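Chemist: Chains as they are written, first to last, in the working numbering: chain Z, 1182 to 1325; chain B, 1182 to 1325.
Some clues are possibly wrong.
Which copy is meant is left open, because identical chains are indistinguishable; a pair holds if it fits in one copy or across any two.
No more than 25 Å apart at the CA atoms, straight line, and that leaves these computed lysine to any residue pairs for SDA-like [stated by the list, open to error]:
{"no.": "1", "residue 1": "Lys1185", "residue 2": "Pro1266"}
{"no.": "2", "residue 1": "Lys1185", "residue 2": "Lys1233"}
{"no.": "3", "residue 1": "Lys1220", "residue 2": "Val1210"}
{"no.": "4", "residue 1": "Lys1314", "residue 2": "Asp1294"}
{"no.": "5", "residue 1": "Lys1238", "residue 2": "Asn1286"}
{"no.": "6", "residue 1": "Lys1186", "residue 2": "Phe1221"}
{"no.": "7", "residue 1": "Lys1214", "residue 2": "Gly1204"}
{"no.": "8", "residue 1": "Lys1214", "residue 2": "His1231"}
{"no.": "9", "residue 1": "Lys1185", "residue 2": "Tyr1277"}
{"no.": "10", "residue 1": "Lys1186", "residue 2": "Ala1232"}
{"no.": "11", "residue 1": "Lys1314", "residue 2": "Asp1301"}
{"no.": "12", "residue 1": "Lys1288", "residue 2": "Glu1308"}
{"no.": "13", "residue 1": "Lys1314", "residue 2": "Ser1252"}
{"no.": "14", "residue 1": "Lys1185", "residue 2": "Asn1276"}
Hints listed in this document are in silico derivations from the structure and should not be mistaken for laboratory results.
Since the model is a prediction, treat every value here as computed from it, not as a measurement.
2 protein chains.
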Amino acid sequence: MLSKKCKYAIHALIYLAERYEQGPVQIQVISEKQHIPKKFLEAILLELRHAKILESKKGKGGGYFLIKKPSEVNLMQVMRLVDGPIALLPCVSLNYYEHCDECRNEKTCGIRDSLIAVRDETLRILEQSTLAKIVKREKQLGLK
Amino acid sequence: MLSKKCKYAIHALIYLAERYEQGPVQIQVISEKQHIPKKFLEAILLELRHAKILESKKGKGGGYFLIKKPSEVNLMQVMRLVDGPIALLPCVSLNYYEHCDECRNEKTCGIRDSLIAVRDETLRILEQSTLAKIVKREKQLGLK
DNA sequence: CGTTTAATCTATTGATTTAGTAGACTTTTA
DNA sequence: TAAAAGTCTACTAAATCAATAGATTAAACG
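Using the sequences and the hints, build the whole thing.
Modeler: And the structure:
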């Protein structure tokens, strides 16, 4: 399951994607609108800034804003950044690979194949899920 | 990521699937062969017994054994049993559904669609991954 | 230049979950 | 009736998660 932190990150990013190229939005505002504890959100936005997804401006009129296009930010990136590996086992992770104590020899471990398949399908879907698509979808759903 | 408990459960089940219909296997033996802490394994096997996947026999010559066919036990069942929900959000979980604070209205939440797709693909693959297939695969891999 | 605004950094805390352990108890078999 | 093996209750240490507090820095504005 996604951590709360990751859910907060995604919702904050969607909020900022809806306001793409409309100037900075204060942490305070995102916090209130999306019901995210302000101090917690600060840390999350900072992380997204370090990952070059967001940029910030200090002082009056300051706040956070997207520096990547909404079509260039997807859930795969965000989840990896905030929660770490997407794979179900460290030994099938692409970005966070670790040798796995349990399966003695990786070559003959019968469960890896399945979990590699799960990983690939998951990544495929999450990579396609860009902020642009999500915002578009929300607008469509909201109109009904 | 899967918990250690879940990995232990899967490896213990594979071990028992390889010895299907060959009589009970002692906890001690599984523990040693699969490098799983004995006391921890006890609790895991008990859970699998309560779920009617395993049965046990006490006293001399006792131990644990599969009561379902290896072709009828799959990773979806085991992961759900041991680790709970497979979905990435409670509000897209089939077996552990919970209302989600973050997405104010589920109807218009733009990330649910993607996560439902991830869930469905994941379940499809895990459901196909039966103990029988895993054991077969390990034998094939081991021969090379 | 100084005040206000808003992000940044450092540190700490409480709750929950994970992983594992200890030891007494029960059942079965020989 | 003794040994073997699973069962049950309770506890604990460590890690992770979620959140908070407070001091600091940078920008804007008059």
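Chemist: So, for every hint listed, does it hold in this structure?
Modeler: Tested hints:
no.	hint	verdict
1	Lys1185 x Pro1266	both (16 Å within a copy, 16 Å between copies)
2	Lys1185 x Lys1233	within (21 Å within a copy, 34 Å between copies)
3	Lys1220 x Val1210	within (12 Å within a copy, 51 Å between copies)
4	Lys1314 x Asp1294	between (31 Å within a copy, 11 Å between copies)
5	Lys1238 x Asn1286	neither (51 Å within a copy, 31 Å between copies)
6	Lys1186 x Phe1221	within (8 Å within a copy, 31 Å between copies)
7	Lys1214 x Gly1204	within (17 Å within a copy, 61 Å between copies)
8	Lys1214 x His1231	within (23 Å within a copy, 45 Å between copies)
9	Lys1185 x Tyr1277	both (21 Å within a copy, 17 Å between copies)
10	Lys1186 x Ala1232	within (15 Å within a copy, 33 Å between copies)
11	Lys1314 x Asp1301	both (21 Å within a copy, 20 Å between copies)
12	Lys1288 x Glu1308	between (28 Å within a copy, 22 Å between copies)
13	Lys1314 x Ser1252	within (7 Å within a copy, 40 Å between copies)
14	Lys1185 x Asn1276	both (22 Å within a copy, 20 Å between copies)
This entry does not satisfy hint 5, going by the numbered hints stated previously; all others are met.
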